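Using the hints provided, position chain B relative to the given structure of chain A.
Chains as they are written, first to last, in the numbering used here: chain A, 42 to 407; chain B, 7 to 161.
Rather than coming from a laboratory, the hints here were simulated on the basis of the structure.
Check the hints yourself; a few may be wrong.
What the hints assert, rightly or not - Quick look at which bits of chain B chain A covers, simulated, 3 or more residues with Cβ under 8 Å:
id: 1; segment: 22-28
id: 2; segment: 75-82
id: 3; segment: 99-110
id: 4; segment: 116-129
To be verified - As a list, the in silico EDC-like pairs of lysine to aspartate or glutamate whose alpha-carbon atoms are at most 16 Å apart:
id: 5; chain 1: B; residue 1: K141; chain 2: A; residue 2: E273
id: 6; chain 1: A; residue 1: K106; chain 2: A; residue 2: D67
id: 7; chain 1: A; residue 1: K304; chain 2: A; residue 2: E342
id: 8; chain 1: A; residue 1: K106; chain 2: A; residue 2: E61
id: 9; chain 1: A; residue 1: K312; chain 2: A; residue 2: D204
id: 10; chain 1: A; residue 1: K312; chain 2: A; residue 2: D199
id: 11; chain 1: A; residue 1: K312; chain 2: A; residue 2: E345
id: 12; chain 1: A; residue 1: K151; chain 2: B; residue 2: D152
id: 13; chain 1: B; residue 1: K141; chain 2: A; residue 2: D189
id: 14; chain 1: B; residue 1: K142; chain 2: A; residue 2: E192
id: 15; chain 1: B; residue 1: K45; chain 2: B; residue 2: D119
id: 16; chain 1: A; residue 1: K312; chain 2: A; residue 2: D205
id: 17; chain 1: B; residue 1: K142; chain 2: A; residue 2: D189
id: 18; chain 1: A; residue 1: K106; chain 2: A; residue 2: E79
id: 19; chain 1: A; residue 1: K304; chain 2: A; residue 2: D205
id: 20; chain 1: B; residue 1: K142; chain 2: A; residue 2: E273
id: 21; chain 1: A; residue 1: K312; chain 2: A; residue 2: E342
id: 22; chain 1: A; residue 1: K217; chain 2: A; residue 2: D205
Owing to the predicted nature of the structure, the values given are computational and were not obtained by experimental measurement.
All residues carry an ideal CB built from backbone N, CA and C; glycine is no exception.
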Amino acid sequence: MYVAVKGGERAIANAHRLLEHERRGDRNVPEIGTGQIEQQLSLAVDRVMSEGSLHDRGLAALAIKQARGDLIEAIFLIRAYRTTLPRFGFSVPLDTAGMAIRRSISSTYKDLPGGQVLGPTFDYTHRLLDFALAAESEPAAPVTAPVDTEERFPRVTDLLAQDDLIERNPPGDPEKPVGDLTREPLAFPAERDLRLQNLARGDEGFLLALGYSTQRGYGRNHPFVGEIRMGEVEVEFEIPELGLIVSLGVVTLTECQMVNQFKGSLTEPAKFTRGYGLSFGHCERRAMSMSLVDRALRAGELGEERTSPAQDEEFVLSHSDNIQATGFVEHLKLPHYVDFQAELALLRQMRRELETRSITHPEAAE
Amino acid sequence: MPDTQAARPNPDCRAATMALLARATREELDQPLRAHWPKLAHATIRAPEIGLVMLRGRMGGDGAPFNLGEATVTRAVVELATGERGYGQFLGRDPARAEQAAILEALAQRATDRATVEQEVLAPIRQRLAEEAQKKRAETAATRVDFFTLVRAEG
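The shape of chain A in the complex, shown without the other chains:
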């Protein structure tokens, strides 16, 4: 029997009004502006853009404000907004080799081309709370150094590839459409293009935990950071009417090239293998975790035994999306009165049956 329940409307409207009030907090404290979030909570913005799978700093900042800093709620808002917009098409694949480098480090080569460029990093900070920030602060202007305008930053993995010491990246097949999760539901087995798209928008905490698990032995693959680079990359798009490829501007990206344990055979010389991570914004932990999980998910292709969660693509890809996850977990809050009544009735019936049996056959109840 279906019982329609009504009567929550006024309570819901009032609850939302109260939520707005709580979002604003103490009205004696100045209201936060989306510009402030965009500029000063920029890594939260980067995460919301990445997992919202929509690059737009202003929208991400607005979502963070509206969600009171709950980033998964903010990502939900972004995912919902993107469904209201038409899609104009696809970019030309982003050229990370042509990145305007703001950070480039390698843990495999001390003297990588262009040098170890730290950029703005939390690395080597002492993780001590800076109480001066509790008051308003005016940090010192950055130090500058002379620039060699001819300087190039080839990828570290390209150097290994020149000596044929690392596997080649799979070449694209221009005839084959690129898989797109936003158009076709995920099916298994999933090709690497779909896996990478899924990981690129996956929950950072989930990717981090899975990446960590591979390091602790659950699908070990001996990773080295070949290179992490962060900086601006041009977005190019073809205007079909003109047959012209034009730049739409630049986006900040973080790329991680993980170099992993080699693979060879009796006939083929051993080579390092690769895991790849790419993210909007400056999301280093995310790009690194993604590259670890990408490599772990290549287990089948590389002839490795699949024994661990990070190597199980159905497990990983089905649980990486925090909007799907939060939807299913949080739906448990919604009224389940009828379901529960049914369970309750069943339980009572079972108990009654047991009682009746123990009266008629007392020995069976023992």
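Positioned in the frame of chain A, the structure of chain B alone reads:
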């Protein structure tokens, strides 16, 4: 730069013009348009619209493509009374700026206006971008590690 040479349109020149207009601030388009072409009439071919472009990456940086995630894009197409069709498109959401970019892209094709567009619009944007890039590079360069090797004590 190709866009300083040609007085007549060619594809490379248009792409370079569009690339600069894509990175302009609203002020950088609005101000010269009002100063130099205050009474310009144009027809709307495609009204400014906001949509999405799926950004693609490549496996390992140079391998097969995959879909990384979408970005908001605004685009517009206009036509001048003299027939030039201008295209404006860039990352982000700003319908007014897309229309202005399209108008200036059309003006850049008109021989009589090409030099003014270059001088009053494109050159200042180009210069600002160069200065910003130079500043970022200089700040970044200061964070480059200078390794030095300690003399190993022989024992």
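Now for the hints, and whether the structure bears them out:
With 3 residues carrying a beta carbon less than 8 Å from a beta carbon of chain A, the segment 22-28 of chain B meets the three-residue requirement, and the given coverage holds. Residues of the segment 75-82 of chain B with a Cβ under 8 Å from some Cβ of chain A number 6, which satisfies the need for three, so the listed coverage holds. Counting residues of the segment 99-110 of chain B whose C-beta sits closer than 8 Å to any C-beta of chain A gives 1, which falls short of three, so the coverage hint is violated. For the segment 116-129 of chain B, the stated coverage by chain A is violated: 0 residues have a C-beta nearer than 8 Å to a C-beta of that chain, whereas at least 3 were required.
A threshold of 16 Å between alpha carbons decides the hint, and for K141 of chain B with E273 of chain A the separation of about 14 Å falls inside it, so the pair holds. Taken as a hint, the K106 of chain A and D67 of chain A pair is honoured in the structure, with Cα atoms around 15 Å apart against an allowance of 16 Å. Distance restraint check for K304 of chain A and E342 of chain A: the Cα-Cα separation of roughly 11 Å lies within the 16 Å cut-off, and the hinted pair is therefore satisfied. Of the supplied pair hints, the one linking K106 of chain A and E61 of chain A holds, its CA atoms being roughly 11 Å apart against a limit of 16 Å.
For the given pair, K312 of chain A sits about 10 Å from D204 of chain A by alpha-carbon distance, which is consistent with the 16 Å threshold. Taking the CA atoms of K312 of chain A and D199 of chain A, the gap is near 14 Å; set against the 16 Å cutoff, the hint holds. In summary, the hint linking K312 of chain A to E345 of chain A is supported, as the alpha carbons are separated by about 15 Å, within the 16 Å threshold. Simply put, K151 of chain A and D152 of chain B have alpha-carbon atoms about 10 Å apart, close enough for the 16 Å limit, and the pair holds.
With a C-alpha separation of about 13 Å, the suggested pairing of K141 of chain B with D189 of chain A holds against the 16 Å cut-off. A distance of roughly 14 Å separates the Cα atoms of K142 of chain B and E192 of chain A; the hinted pair therefore holds under the 16 Å criterion. For the suggested pair K45 of chain B and D119 of chain B, the alpha carbons sit about 14 Å apart, so the restraint of at most 16 Å is met. A threshold of 16 Å between alpha carbons decides the hint, and for K312 of chain A with D205 of chain A the separation of about 8 Å falls inside it, so the pair holds.
With a CA separation close to 13 Å, the supplied pair K142 of chain B and D189 of chain A stays within the 16 Å bound. Restraint check for K106 of chain A and E79 of chain A: the C-alpha separation of about 10 Å stays at or below 16 Å, so the hint holds. About 13 Å separates the Cα atoms of K304 of chain A and D205 of chain A, which keeps this hinted pair within 16 Å; it holds. Of the pairs offered as hints, the one joining K142 of chain B and E273 of chain A holds, with about 11 Å between alpha carbons and a cut-off of 16 Å not exceeded.
For a cut-off of 16 Å, the pair hint linking K312 of chain A to E342 of chain A stands: about 15 Å separates their Cα positions. For the suggested pair K217 of chain A and D205 of chain A, the alpha carbons sit about 27 Å apart, so the restraint of at most 16 Å is broken.
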